[in-house]
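> For reference, the chains in residue letters:
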Amino acid sequence: MTERRRERIDRGIKKRSEDVFALASWREMLYLAGPRLLPVALVLFLPPLLSPYWQKVMLSVGVFGLLAVSWDLLAQAGMISLGQALFFGMGAYGAGLLDRYLGMPPFLSLPIAAVLGGLVSTLLLLPVLRLRGIYFSMVTLILPLMLVRVIEATKIFGGTEGLSGLTPWPSVWVEMYLILGALLAALFGFRRMLAADYGLVLKGIRDNDRSVTSAGINIYVYKAQALFIAAAVGGFAGAFMTHVYLFVGMPVFALDYSILPIAAAVVGGPGGLAGATLGAAILVPLSEALRGFGGLRIVFYGVFLVVFIVAVPEGIFSFVRRKYHQFERWVEVD
Amino acid sequence: MTADLLRIENLMVFFENALAVNGLNLTVSEGELVGVIGPNSAGKTTLVNTISGLIIDMAIKEKRKGGERITVYGAVWFRGEEITRERPDRRVRRGIVLCRERHPVFPDSSVMENLKIAGYLRRRAEIRKTMDEVFGLFPVLKDYRRRKAGFLSGGEQQMLAIGMALVARPTLLLLDEPLLGLSPRMQESVMAAVIHLNEAAGITVLLCEQFARPVLPVIGRGYVVENGMLTMSGTGAELMDNPEVKAAYFGI
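Taken in order, these protein sequences are the chains called A and B.
Note that the first sequence covers residues 1 to 334 in the working numbering.
Note that the second sequence covers residues 1 to 252 in the working numbering.
A few of these clues could be false.
As the list claims (entries may be wrong) - Subject to a maximum C-alpha distance of 25 Å in a straight line, what follows is the list of computed PhoX-like cross-link-like pairs (lysine-lysine):
(1) Lys116/B - Lys142/B
(2) Lys323/A - Lys116/B
(3) Lys61/B - Lys203/A
For the record, the hints were derived by calculation from the structure and aren't laboratory data.
Remember, predicted model here, so these are calculated numbers, not experimental data.
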């Protein structure tokens with residue numbers, strides 16, 4: 001009786017390109033560089049080909065991509081955030097205030113707001129760093145919703161009206177390449193960071209925080225750092241958007257900014273940041289393309305999400321990467 | 001051949017391209033105490049997971065994650081019926097109950113609650129009766145019955161884990177490394193309990209273990225597995241006398 005079994009094996013080119021033979025031929029080099037150059041090329045050459053409307057969509061991809069990268073980064077350290085809107089809103093309000101009250105130019109207010117927003121968010125979440133799992137998530141979910149009410153009730157920072165008439169970016173192209181460049185920098189930079197020892201500690205905290213403590217590492221310092229980095233990335237996206245809309249108000253704490261990054265990370269495949277970026281690059285344009293359906297848009301969007309999660313539960317990126325590196329064949333089992 | 005309670009034919013289990021169990025044949029008759037002895041990574045846990053059906057669940061979860069592909073070939077027969085593809089919960093209804101390794105208990109529930117959860121399939125009166133038996137078998141558990149299971153020592157947790165398997169009223173009890181991490185004295189009392197279960201309560205036991213010293217003298221028959229393959233089988237005494245087993249497991 002012989003039965004057959006589908007076997008998965010690495011492609012020869014993958015093995016070859018893992019060591020010095022990677023430099024043996026153009027084919028091997030392209031195999032390694034291709035997947036990394038593709039997003040860079042898309043970001044560089046796609047925007048000029050698009051209509052102004054789709055250029056705005058591309059901006060949104062950049063913003064939500066950054067938020068998704070920030071979410072994935074936190075998830076790598078074992079902190080599941082349901083409140084990316086907190087980071088986004090902190091950065092957005094930071095930039096708005098720096099612009100309105102100190103008259104800072106956008107290029108100055110953007111980095112300062114990102115860092116400040118990151119700091120404030122970290123300080124707000126510092127007391128709950130010791131909470132694990134769902135408790136941390138719940139606090140992050142509630143904070144942005146609470147801040148909206150605080151602004152509404154105390155009428156600070158323009159209250160329900162918000163701050164409008166802020167300084168715009170010098171040109172559409174500066175705007176476009178700034179956010180897309182930031183997305184690429186965050187994607188590749190943080191991927192590098194996660195692959196280094198620092199990232200190893202973060203992943204260790206996610207897998208088993210007690211073992212990491214036993215190795216003599218103060219996990220709360222690392223968690224706070226990861227939180228600051230992720231919050232600063234989210235704050236950057238928010239500060240950038242302030243100077244695009246020329247307005248900052250209560251909508252920056254909206255639930256959309258919390259939910260869509262998570263959906264992007266789930267569709268793309270969490271872990272490794274590339275999946276999260278890919279997810280944002282798929283979901284944001286999809287949501288726009290469905291606008292023609294009017295009220296049914298959300299229904300189609302939801303159906304698409306469910307179908308994807310059931311059909312490719314590992315995430316699109318993990319699936320594609322596996323197909324890229326491995327092939328399958330039938331072998332006989334004896 | 002229908003006299004066999006459990007019969008495994010040519011079982012092969014692949015974890016992706018790695019072969020965990022390779023062409024294993026094994027039988028367990030009603031009322032026997034059978035031991036499967038082997039070193040780490042011999043495939044003992046995979047074997048009991050396949051018998052209890054947990055491997056089906058693992059395969060589905062791995063597939064969801066996009067992880068390793070688990071494939072099972074061969075057949076598992078229980079009382080003359082093939083159950084290779086049957087869901088784990090249905091196998092428990094048939095009486096195949098697994099006590100997994102590393103004494104898995106519900107750490108936040110008390111000892112009593114743990115036993116009650118394990119008796120999900122049974123009626124209340126039955127659970128109470130078995131619980132008394134368990135407390136008779138492991139008297140320490142009775143003293144700690146209101147304590148959280150997570151605060152018990154390793155040995156007590158192991159006793160509780162066996163107790164939980166008993167509450168489900170097994171005909172075939174699968175014990176995966178029941179002696180793992182226990183002191184020699186604790187090992188002795190656990191083994192004594194297993195023997196009592198087998199002889200007094202008439203439960204058929206399949207016991208996987210890497211410590212041969214406390215196990216070989218008491219089992220009726222034994223199998224020695226290495227690298228997923230059966231290397232030897234025979235009665236407990238035969239295995240004890242085998243020079244290779246002596247050298248490998250007793251250091252003589």
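> Next, verify each hint and record whether it holds.
Quick rundown of the hints versus the structure:
For the given pair, Lys116/B sits about 14 Å from Lys142/B by alpha-carbon distance, which is consistent with the 25 Å threshold. Taking the CA atoms of Lys323/A and Lys116/B, the gap is about 47 Å. The hint is violated against a cut of 25 Å. Taken as a hint, the Lys61/B and Lys203/A pair is honoured in the structure, with Cα atoms around 21 Å apart against an allowance of 25 Å.
Of the numbered hints listed earlier, the single one contradicted by the structure is hint 2.
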